[in-house]
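A.B. asks: Sequence:
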Amino acid sequence: MLRAGYYQEESERKAMADQIKQMGIIIENHQKQFEELRAKFDAEVLKCSELSIKLDATEVRTVLASLQENALAHQACVLRADLEKSLKDNASLFSKIGREDKLNVDNRSVVDNYQIELTREIRTLCNTMDASISQQNEHLQCIEKFYFDVILLFSDFTKYYFTALFNGFRD
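Mapped onto my numbering, the consecutive letters of the sequence shown carry residue numbers 448 to 618.
Because the hints were derived from the structure by calculation, they are not lab data.
Beta carbons are placed, not taken as given, at the ideal position from N, Cα and C, and that holds for glycine.
Accuracy of the hints is not assured; some may be wrong.
Just the calculated beta-carbon pair ranges, DEER-fashion [claimed, not checked]:
no. : residue 1 : residue 2 : range
1   : Ile474    : Ile569    : 51 to 61 Å
2   : Ile544    : Ala486    : 31 to 41 Å
3   : Asp548    : Gln583    : 45 to 55 Å
4   : Ile472    : Arg570    : 50 to 60 Å
Below 16 Å or equal to it, Euclidean Cα-Cα: the simulated EDC-like pairs (lysine to aspartate or glutamate) are [claimed, not checked]:
no. : residue 1 : residue 2
5   : Lys487    : Glu516
6   : Lys479    : Asp529
7   : Lys461    : Asp596
8   : Lys494    : Glu516
9   : Lys543    : Glu456
10  : Lys532    : Glu475
11  : Lys543    : Glu457
12  : Lys487    : Glu497
13  : Lys543    : Glu491
14  : Lys549    : Glu459
15  : Lys549    : Glu457
16  : Lys461    : Asp548
17  : Lys606    : Asp596
18  : Lys543    : Asp465
19  : Lys468    : Asp536
20  : Lys549    : Glu456
21  : Lys479    : Asp489
22  : Lys501    : Glu491
Turn these sequences into a full structure, and let the hints guide you.
C.D. replies: Spelled out as C-alpha cells, the structure:
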C-alpha cells in the first residue's frame, strides 16, 4: 500500500515537474512574443515618425500612433494576464510539491517507527522463546531424572525381590 502511494506520488511529482517545465516554456514564448511586439511597436513608431516627416501631416501621425499603441497595449495586457496566471499556477504547483514532500517525510517517520516497534516485538518474542525453551529443558531434565530414579528403584526392587524369591526356594 505504501509502495503504491509512493509510485502515485512520484508520478504526480513528475507530472507537476512537466507542468512547471511547460509553463516555463509558455512564459518564455510569451516573453518572446512580447519582445517581438515591442520590436514591432518600435519599428512601427519609427515608420510613423518617418511618414509623419514625409507627409508633414500632424493629424495623420497622431491617429496612426494612437491606433498602433492601442493595439499593442491590448496585446501587452493579454500577455501580462497570461504571465500572471502562469505565475499563480507555478506557485500552486510548488505549494503542492511542498505538501507532498511533507507527506513523504511523515510516511517515512511512520515506517521507521513501525520498524522500530517490530524489532522490539521480535526481540521480546525471541527472549520469551529462549526462556520457554530453557524452562522446557529443565522440565525434561527433571522428568529424565525422575524416570531414571524410578528405573533404578525398580531395578533394586526387582533384584531384591528375585533374590528373596530365589533364596526362599533354596530353603
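A.B. asks: Would you mind marking each hint as holding or not holding in the structure?
C.D. replies: Taking the hints in turn, this is what the structure says about them:
1. Ile474 with Ile569: 51 to 61 Å: 54 Å, holds
2. Ile544 with Ala486: 31 to 41 Å: 36 Å, holds
3. Asp548 with Gln583: 45 to 55 Å: 52 Å, holds
4. Ile472 with Arg570: 50 to 60 Å: 55 Å, holds
5. Lys487 with Glu516: The given pair, whose Cα atoms are some 11 Å apart, holds under the 16 Å limit.
6. Lys479 with Asp529: Status holds; Cα separation ~13 Å.
7. Lys461 with Asp596: Given that 16 Å is the threshold and the Cα spacing comes to 78 Å, the pair is violated.
8. Lys494 with Glu516: 13 Å, holds
9. Lys543 with Glu456: OK: Lys543 and Glu456 at ~11 Å, within 16 Å.
10. Lys532 with Glu475: Within the cut-off at roughly 14 Å; holds.
11. Lys543 with Glu457: 13 Å, holds
12. Lys487 with Glu497: At roughly 15 Å apart (the allowed maximum being 16 Å), Glu497 and Lys487 satisfy the hint.
13. Lys543 with Glu491: Not satisfied, since the Cα-Cα distance of roughly 44 Å exceeds 16 Å.
14. Lys549 with Glu459: Holds, at roughly 15 Å.
15. Lys549 with Glu457: 14 Å, holds
16. Lys461 with Asp548: 13 Å, holds
17. Lys606 with Asp596: 15 Å, holds
18. Lys543 with Asp465: 14 Å, holds
19. Lys468 with Asp536: Holds. Lys468 to Asp536 sits at ~12 Å (cutoff 16 Å).
20. Lys549 with Glu456: 12 Å, holds
21. Lys479 with Asp489: 15 Å, holds
22. Lys501 with Glu491: With a Cα-Cα distance of about 15 Å, the restraint between Lys501 and Glu491 holds, given a limit of 16 Å.
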